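Chains D and Y are the protein sequences, given in the same order.
Residue 470, in the working numbering, is where the first sequence stops; the numbers in between run on with no holes.
Residue 470, in the working numbering, is where the second sequence stops; the numbers in between run on with no holes.
It is worth saying that the hints were derived from the structure and are not from the lab.
Among the clues, some could well be false.
Below, computed lysine to any residue pairings styled on SDA-like, alpha-carbon distance capped at 25 Å [stated by the list, open to error]:
(1) D:Lys222 / Y:Leu405
(2) D:Lys311 / Y:Glu187
(3) Y:Lys311 / Y:Val124
(4) Y:Lys222 / D:Arg125
(5) D:Lys311 / D:Arg125
(6) Y:Lys222 / D:Lys222
(7) D:Lys311 / D:Trp106
(8) D:Lys311 / D:Lys222
(9) D:Lys222 / Y:Asp155
(10) Y:Lys311 / Y:Asp337
Fair warning: this is a prediction, and the values are worked out from it, not measured in the lab.
There are 2 protein chains.
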Amino acid sequence: MERVAIIGASMTEFGQRDGWIRDLLAEAGTACLDDAGVRPDEIEHLYVSNMASGEFEGQTGIPNALVHDLGAMPAYTQRVDQTSSSGGAGIYAAWQSVASEASEMTLLVGGEKMTHRTTGEATDVIASLTHPVEYKHGVTLPSFAGLTAQAYLDAYDAPRESLARVAVKNHRNGVDNPHAQFRKEVDLDTVLESPIVADPLRLYDFCPITDGSAALLFCPESVAKEYTDDYTVLTGIAGATDTHVVHERTDPTVMGGVVESSRQAYEMADRGPEDVDVAELHDMFTILEVLQSEDLGFFEKGEGWRGVEEGVTTRDGDLPVNTSGGLKSKGHPLGASGVAQAYEIHQQLLGEAGPRQVDCEVGLACNVGGFGNCVTTTILEGAA
Amino acid sequence: MERVAIIGASMTEFGQRDGWIRDLLAEAGTACLDDAGVRPDEIEHLYVSNMASGEFEGQTGIPNALVHDLGAMPAYTQRVDQTSSSGGAGIYAAWQSVASEASEMTLLVGGEKMTHRTTGEATDVIASLTHPVEYKHGVTLPSFAGLTAQAYLDAYDAPRESLARVAVKNHRNGVDNPHAQFRKEVDLDTVLESPIVADPLRLYDFCPITDGSAALLFCPESVAKEYTDDYTVLTGIAGATDTHVVHERTDPTVMGGVVESSRQAYEMADRGPEDVDVAELHDMFTILEVLQSEDLGFFEKGEGWRGVEEGVTTRDGDLPVNTSGGLKSKGHPLGASGVAQAYEIHQQLLGEAGPRQVDCEVGLACNVGGFGNCVTTTILEGAA
Chain D
87 MERVAIIGAS
97 MTEFGQRDGW
107 IRDLLAEAGT
117 ACLDDAGVRP
127 DEIEHLYVSN
137 MASGEFEGQT
147 GIPNALVHDL
157 GAMPAYTQRV
167 DQTSSSGGAG
177 IYAAWQSVAS
187 EASEMTLLVG
197 GEKMTHRTTG
207 EATDVIASLT
217 HPVEYKHGVT
227 LPSFAGLTAQ
237 AYLDAYDAPR
247 ESLARVAVKN
257 HRNGVDNPHA
267 QFRKEVDLDT
277 VLESPIVADP
287 LRLYDFCPIT
297 DGSAALLFCP
307 ESVAKEYTDD
317 YTVLTGIAGA
327 TDTHVVHERT
337 DPTVMGGVVE
347 SSRQAYEMAD
357 RGPEDVDVAE
367 LHDMFTILEV
377 LQSEDLGFFE
387 KGEGWRGVEE
397 GVTTRDGDLP
407 VNTSGGLKSK
417 GHPLGASGVA
427 QAYEIHQQLL
437 GEAGPRQVDC
447 EVGLACNVGG
457 FGNCVTTTIL
467 EGAA
Chain Y
87 MERVAIIGAS
97 MTEFGQRDGW
107 IRDLLAEAGT
117 ACLDDAGVRP
127 DEIEHLYVSN
137 MASGEFEGQT
147 GIPNALVHDL
157 GAMPAYTQRV
167 DQTSSSGGAG
177 IYAAWQSVAS
187 EASEMTLLVG
197 GEKMTHRTTG
207 EATDVIASLT
217 HPVEYKHGVT
227 LPSFAGLTAQ
237 AYLDAYDAPR
247 ESLARVAVKN
257 HRNGVDNPHA
267 QFRKEVDLDT
277 VLESPIVADP
287 LRLYDFCPIT
297 DGSAALLFCP
307 ESVAKEYTDD
317 YTVLTGIAGA
327 TDTHVVHERT
337 DPTVMGGVVE
347 SSRQAYEMAD
357 RGPEDVDVAE
367 LHDMFTILEV
377 LQSEDLGFFE
387 KGEGWRGVEE
397 GVTTRDGDLP
407 VNTSGGLKSK
417 GHPLGASGVA
427 QAYEIHQQLL
437 GEAGPRQVDC
447 EVGLACNVGG
457 FGNCVTTTIL
467 EGAA
């Protein structure tokens with residue numbers, strides 16, 4: 087089976103944006119086509135990663151709207167929803183569309199428009215992804231994060247500061263990302279003294295509510311070579327679920343979907359965690375970056391908190407994590423986030439990450455839906 | 087590339103159902119696994135076709151809920167939304183997951199729960215799929231149907247009665263479908279004298295609002311043979327879009343997405359319209375069955391209305407259409423409808439359609455999203 091290449095990538099500025107989801111999707115989609123030098127009428131399949139345009143904006147059918155706005159008719163189109171990992175699921179769908187030979191040119195555009203709603207409204211829409219037994223009792227994703235963080239700190243005798251340092255690191259990286267929502271450094275005290283959201287986690291342990299969009303263009307490697315030498319190859323991808331009811335998990339500090347999806351993705355790519363040079367992890371909450379760094383095999387269980395403490399995951403470390411700034415500083419427009427993770431890895435592998443550039447040949451992105459309910463892991467490599 | 091087989095199929099009773107979307111999905115999913123003799127832990131990918139559980143029920147994340155309810159963890163899962171053709175899009179996604187070798191056992195479950203909402207509320211959710219310029223001016227899908235029907239009758243000098251006969255035929259077929267919402271015959275006068283909805287179309291020209299779910303189980307043909315001899319093969323599938331703004335179409339009586347998706351599906355299957363023995367068309371409105379029967383190549387343009395008039399598309403005709411009763415009498419639970427179309431074709435090809443059985447070796451299903459905004463065409467054949 088021929089390898090699947092990524093020949094174009096883009097992301098819009100993340101943050102509080104004017105306009106609607108359609109504007110954001112069209113902006114990212116157009117920029118991605120421009121990046122690749124591909125015309126809209128060359129697109130055969132168009133996937134749109136989005137969780138909730140119907141709930142947030144009262145607008146559905148956005149894939150058809152995007153076909154219209156890009157001028158891509160009669161391209162086939164559909165929406166991919168996997169809640170907060172809709173972007174990763176979209177990458178999987180786009181990969182399948184090319185690998186199955188259904189399409190030779192597949193555009194994926196992920197996006198979400200959220201900031202026009204109140205924080206309470208947005209939280210309510212997001213919380214509707216949880217099991218009703220949780221939702222009904224008011225257990226939202228931030229509260230799971232607080233409970234898990236405390237369980238982790240207790241179990242592994244990890245310092246509270248180690249979580250805060252994840253936020254400090256990712257804000258530092260975000261300063262150098264022109265697309266990031268928050269381009270400002272924060273110090274340890276600022277994180278540790280910010281308002282409590284879900285004890286022990288505080289405001290700066292959480293990602294913001296964000297508008298934004300990102301896009302990737304996929305084709306068989308043989309087609310890629312006709313357009314450019316600057317492409318990357320998707321060598322591994324897989325997705326897996328954990329329990330839908332979080333309290334059914336044996337160990338709340340293990341994300342089973344991360345373990346299983348990465349196991350499959352490593353096997354497909356014939357790679358292991360030791361081969362990964364740069365990673366984008368789903369730091370919706372600081373604790374999640376630590377857990378994923380263990381469940382992906384970067385650190386032994388209970389040792390992930392040392393990653394940032396000991397400088398392994400900082401930009402000049404052995405395994406830089408979230409060079410983009412992560413969800414924490416870059417922002418988290420649900421359907422866009424997984425796509426934007428792969429955008430960062432793609433840029434890094436092509437040597438186009440500017441001041442964020444690190445030395446890398448193999449990159450990994452881990453996109454988490456719900457509280458690990460469904461996870462996709464993607465491995466990208468340079469074409470050489 | 088190995089052919090993709092369907093080794094299990096099911097549908098729930100369609101109509102006004104108790105419970106929630108989760109109950110319906112679990113009912114169809116369980117029945118489908120039972121039909122195939124496959125255990126839940128054998129599922130590798132699980133796709134859920136659904137347009138709007140968030141809007142209709144305030145519940146998202148239903149793919150994860152279904153993984154939980156079936157006991158299919160750690161199967162990968164995601165939701166496929168393509169408005170009223172979510173089911174057809176789900177078939178395409180499931181086919182791609184097997185054809186790309188990402189999964190060797192893929193379950194697709196489509197469903198929608200709608201009847202707990204008022205007709206106005208349901209219509210409003212569905213209308214949100216249209217271009218805002220249409221939606222804002224109150225042009226809903228039924229009004230497009232009325233305008234198109236009049237244009238068609240005028241252009242081809244077709245009798246109004248020919249459209250009504252589509253409803254009469256499909257209601258007749260639905261009587262013999264134990265899953266259908268309306269199991270009662272209607273006569274021509276009943277249709278022609280029912281209340282006007284969108285002139286010239288009347289109440290009985292329209293499908294109802296429905297709850298229901300349907301499921302299909304996909305695997306490579308070599309795997310299918312390990313389980314059963316009673317499987318069908320998906321030999322052709324494709325999807326295509328038409329203009330998102332309906333008034334931009336050159337000829338409103340031509341459904342461009344049907345023309346293009348069927349062209350590609352026929353090519354993939356190495357079949358033509360003359361090879362099709364039985365078809366399920368998207369008769370959300372009676373006029374749509376007529377248009378699709380032309381755009382799929384079953385009839386010359388302007389001649390489709392003769393199909394039912396001359397007995398070609400009745401159950402004892404040369405090309406029976408909507409032996410299931412169609413959306414018209416079986417009902418139209420958005421995300422389930424495309425899956426249920428393929429369920430009927432699968433049953434027909436296996437000779438398991440009971441009193442609805444017709445003689446057939448090649449079947450076709452055409453699932454229409456919006457007012458033809460996106461269409462998938464699927465061709466199924468017996469295994470022999």
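Against the structure, the hints:
no., hint, in the structure
1, D:Lys222 / Y:Leu405, "51 Å, violated"
2, D:Lys311 / Y:Glu187, "24 Å, holds"
3, Y:Lys311 / Y:Val124, "13 Å, holds"
4, Y:Lys222 / D:Arg125, "31 Å, violated"
5, D:Lys311 / D:Arg125, "16 Å, holds"
6, Y:Lys222 / D:Lys222, "35 Å, violated"
7, D:Lys311 / D:Trp106, "35 Å, violated"
8, D:Lys311 / D:Lys222, "53 Å, violated"
9, D:Lys222 / Y:Asp155, "18 Å, holds"
10, Y:Lys311 / Y:Asp337, "46 Å, violated"
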